[in-house]
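Visitor: Taken in order, these protein sequences are the chains called A and B. Residue numbers for the first sequence follow the numbering used here, beginning at 1 and rising by one. Residue numbers for the second sequence follow the numbering used here, beginning at 101 and rising by one.
One should not assume that every hint holds.
Unchecked claim - Here are the computed lysine-lysine pairs in the DSS-like style, where the Cα-Cα straight-line distance is at most 30 Å:
{"id": "1", "chain 1": "A", "residue 1": "4", "chain 2": "B", "residue 2": "114"}
{"id": "2", "chain 1": "A", "residue 1": "79", "chain 2": "A", "residue 2": "17"}
{"id": "3", "chain 1": "B", "residue 1": "160", "chain 2": "A", "residue 2": "14"}
{"id": "4", "chain 1": "A", "residue 1": "79", "chain 2": "B", "residue 2": "104"}
{"id": "5", "chain 1": "A", "residue 1": "54", "chain 2": "A", "residue 2": "14"}
{"id": "6", "chain 1": "B", "residue 1": "172", "chain 2": "A", "residue 2": "17"}
{"id": "7", "chain 1": "A", "residue 1": "14", "chain 2": "B", "residue 2": "172"}
{"id": "8", "chain 1": "B", "residue 1": "117", "chain 2": "A", "residue 2": "17"}
{"id": "9", "chain 1": "A", "residue 1": "4", "chain 2": "B", "residue 2": "160"}
{"id": "10", "chain 1": "A", "residue 1": "17", "chain 2": "B", "residue 2": "154"}
{"id": "11", "chain 1": "B", "residue 1": "114", "chain 2": "A", "residue 2": "17"}
{"id": "12", "chain 1": "B", "residue 1": "169", "chain 2": "A", "residue 2": "79"}
{"id": "13", "chain 1": "B", "residue 1": "179", "chain 2": "A", "residue 2": "4"}
{"id": "14", "chain 1": "A", "residue 1": "69", "chain 2": "B", "residue 2": "104"}
{"id": "15", "chain 1": "A", "residue 1": "4", "chain 2": "B", "residue 2": "154"}
{"id": "16", "chain 1": "A", "residue 1": "60", "chain 2": "B", "residue 2": "114"}
Read the hints as simulated data drawn from the structure, not as lab findings.
2 protein chains.
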Amino acid sequence: MDSKARAVLTAKTKVLKALAHPARLWMVERLEGGERCVCELVDGLGLDFSTVSKHLLVLKNAGVVVDDKRGKQVFYSLKVPCVLKFMHCVEAVMERG
Amino acid sequence: MDSKARAVLTAKTKVLKALAHPARLWMVERLEGGERCVCELVDGLGLDFSTVSKHLLVLKNAGVVVDDKRGKQVFYSLKVPCVLKFMHCVEAVMERG
DNA sequence: TGGTTGATTGGCATAATAACCAAATGAAAA
DNA sequence: TTTTCATTTGGTTATTATGCCAATCAACCA
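Go ahead and model the full structure; you've got the sequences and the hints to work with.
Guide: So, in structure tokens, the structure goes:
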């Protein structure tokens with residue numbers, strides 16, 4: 001495995017790692033229904049504001065979501081529509097458990 | 101979020117976490133070409149036998165691979181064919197980075 | 001039987017994550 | 001301009017993940 005192949009692998013796992021947390025996956029699923037402000041996500045998750053903010057940063061750095069500040073609020077939305085389609089495969093893995 | 105929804109999320113993230121490591125993802129991609137014995141994977145990765153064995157256990161516990169002991173060797177193969185299809189979406193995320 | 005090979009397990013040190021609280025930022029309202 | 005509100009950042013601690021070494025196990029061979 002050369003260094004280029006290693007870099008590609010690391011980039012892919014960055015996306016997977018971003019999705020591989022219950023709070024972050026919940027937020028991504030929630031964003032399927034359209035953009036949400038941070039406060040809505042905090043309410044739904046029952047976590048600290050700072051914790052949710054950091055989770056959103058992870059998703060943003062991975063290229064999964066984008067943010068848009070309007071007025072006092074920040075709205076997050078999915079950057080790539082297929083993100084949740086591919087979750088059907090994950091569910092298939094679970095069912096064949 | 102009730103406890104049932106939380107359990108489903110945790111189960112999904114178990115699969116994602118299993119894939120979210122360079123060595124494990126590399127092995128899964130390699131298994132796309134058919135079953136491989138542990139020794140082949142060790143050679144390709146350049147990691148310790150014990151390390152590779154533990155990574156494979158993570159994939160097995162997540163339901164991504166199955167093992168088959170034949171003689172002294174253990175062969176691993178993908179349990180769910182769609183695992184790599186959904187990686188195309190991950191690649192799409194990377195390209196729109 | 002005794003030894004070798006392929007693989008797993010246990011143990012340990014180190015690194016990376018995740019949660020909270022407190023404090024800082026920054027834009028809008030007063 | 002001062003205050004306020006939504007969010008982010010910094011700091012700390014607890015938990016989890018990773019990788020190597022040594023020991024073990026199971027199957028084959030001499």
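Visitor: Would you mind confirming whether the straight-line C-alpha gap from residue 69(A) to residue 104(B) stays at or under 30 Å?
Guide: Not OK: residue 69(A) and residue 104(B) at ~33 Å, beyond 30 Å, violated.
Visitor: Is it true that the CA of residue 4(A) sits at most 30 Å from the CA of residue 114(B)?
Guide: 28 Å, holds
Visitor: Given the hint that residue 4(A) pairs with residue 154(B), does the C-alpha gap stay at or below 30 Å?
Guide: Holds: residue 4(A) and residue 154(B) sit about 25 Å apart, inside 30 Å.
Visitor: Do the alpha carbons of residue 79(A) and residue 17(A) lie within 30 Å of each other, as the hint requires?
Guide: 17 Å, holds
Visitor: Compare the distance between the alpha carbons of residue 172(B) and residue 17(A) with 30 Å, and conclude whether the hinted pair is satisfied.
Guide: 34 Å, violated
Visitor: Is residue 17(A) close enough to residue 154(B), meaning Cα to Cα at most 30 Å?
Guide: 19 Å, holds
Visitor: Residue 114(B) and residue 17(A) were given as a pair; does the straight-line alpha-carbon distance stay at or below 30 Å?
Guide: Holds, at about 11 Å.
Visitor: Is the hinted pair residue 160(B) and residue 14(A) satisfied, with a Cα-Cα distance of at most 30 Å?
Guide: 21 Å, holds
Visitor: Checking one constraint from the list: CA of residue 169(B) to CA of residue 79(A), max 30 Å. Satisfied?
Guide: 43 Å, violated
Visitor: Is it true that the CA of residue 60(A) sits at most 30 Å from the CA of residue 114(B)?
Guide: Distance ~21 Å between residue 60(A) and residue 114(B) Cα, so the pair holds.
Visitor: Verify the proposed pairing of residue 117(B) with residue 17(A), using a straight-line Cα cut of 30 Å.
Guide: 6 Å, holds
Visitor: Please verify whether residue 79(A) and residue 104(B) have alpha carbons no more than 30 Å apart.
Guide: 28 Å, holds
In summary, the structure is inconsistent with hints 6, 7, 12 and 14 from the numbered list given earlier, while agreeing with the others.
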